[in-house]
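A.B. asks: Top line first, the protein sequences correspond to chains A and B. Here the first sequence is numbered in numbering that gives the first Met the number 0, starting from 0 and rising by one per residue. Here the second sequence is numbered in numbering that gives the first Met the number 0, starting from 0 and rising by one per residue.
Derived by calculation from the structure, the hints in this document are not laboratory data. On a predicted model such as this, the values are computed, not experimentally measured, just so you know. Beta carbons: idealized from backbone N, C-alpha and C, even for Gly. Hints may contain errors.
[Claimed, not checked] With beta-carbon atoms standing in for the labels, derived distance ranges:
{"id": "1", "chain 1": "B", "residue 1": "N97", "chain 2": "A", "residue 2": "N35", "range": "32 to 38 Å"}
{"id": "2", "chain 1": "B", "residue 1": "G67", "chain 2": "A", "residue 2": "E86", "range": "23 to 29 Å"}
{"id": "3", "chain 1": "A", "residue 1": "T59", "chain 2": "B", "residue 2": "G89", "range": "54 to 60 Å"}
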Amino acid sequence: MTTTSGPGERPPVALRTEALEQLLTERGLIDPQVMNGIITDYETNVGPLNGAKVVARAWTDAEYRQRLLADGTAAIKELGFSGRQGEHIVVAENTSTTHNVVVCTLCSCYPWPVLGLPPSWYKDPAYRSRIVREPRAVLAEMGLELADNVRIIVRDSTSEVRWMVLPERPAGTEHLTEEALVPLVTRDAMVGVAKAEAP
Amino acid sequence: MDGIADMGGSRGWGHVPLPRSDEPVFQEPWQGRAFALAMLSVWVSGRNIDAFRHAQERLDRGAYIGDGYFGRWLNAAELMLTESAILAPGAIDARARNLRHEDVAEPPVPEPARPGYTPAALRGHR
Chain A
0 MTTTSGPGER
10 PPVALRTEAL
20 EQLLTERGLI
30 DPQVMNGIIT
40 DYETNVGPLN
50 GAKVVARAWT
60 DAEYRQRLLA
70 DGTAAIKELG
80 FSGRQGEHIV
90 VAENTSTTHN
100 VVVCTLCSCY
110 PWPVLGLPPS
120 WYKDPAYRSR
130 IVREPRAVLA
140 EMGLELADNV
150 RIIVRDSTSE
160 VRWMVLPERP
170 AGTEHLTEEA
180 LVPLVTRDAM
190 VGVAKAEAP
Chain B
0 MDGIADMGGS
10 RGWGHVPLPR
20 SDEPVFQEPW
30 QGRAFALAML
40 SVWVSGRNID
50 AFRHAQERLD
60 RGAYIGDGYF
70 GRWLNAAELM
80 LTESAILAPG
90 AIDARARNLR
100 HEDVAEPPVP
110 EPARPGYTPA
120 ALRGHR
């Protein structure tokens, strides 16, 4: 059986990906081992656990919290996290009356060193378009109901500035150590579409 | 700014997909390859990350939306590479067709023409 594409139909994107990799590799322009390293890095090493450690530190160390809010990039680097797409990170703190939520309306800018690569919902046109227009409704659809007296600030990331949310420390966690707090800090809470919850 | 990339406030995109706690970084292996390829293509094409975003913003709707997020990255990488004359136009499609045994002619490799990012203030002083 032969299948032919119409004149307007490109081969499937997965096949085109393989084609591009071949074309560049056979000319010595890229090294597949370097590619493997990049992929492994973002599948395994760079992820929201980094950000969770930053938040747990801020929750338990008041001076670190101040440094984090004053200069996110530097304070994050104190814990050993830095690199691509994290050259300028600003941390916004959520309180009982102010709720920050982050988006990149133009593409998918995201603070990779602390959160890894963005999840699919963050990159979705529905999120990119609606969170800036009706944040309270979108957050409610995503499971986060905020009282009317809570001021919502939507931070639209740019190619220069990446935002990370410092979520509120949940009530009932006062007895937990910094290490025990880390698992409570979710990626969704650091983007601002969820709150951190006590265990 | 005009163009499909300026999505803030636009309508008609449907519901926001709900977060999944178990979502893999790359749902399919090709997406990880496309991700890494796009990053390396920035360097191979002699461009930069801003040029990469600009390439995405200049994709037609099919190339921006139709191939999904990592397909967009692949398409933007292709645009940068062809604009820098690292790849001939149609080279990827031709190779893709040959990967599925269609036996089509592939365009010759062009002479590279990477952009020079000399700041304007320095151009007269070289």
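A.B. asks: All the hints need checking, so say for each whether the structure fits it.
C.D. replies: Evaluated hints:
no. : hint                      : result
1   : B:N97 - A:N35: 32 to 38 Å : violated, 24 Å
2   : B:G67 - A:E86: 23 to 29 Å : holds, 27 Å
3   : A:T59 - B:G89: 54 to 60 Å : holds, 58 Å
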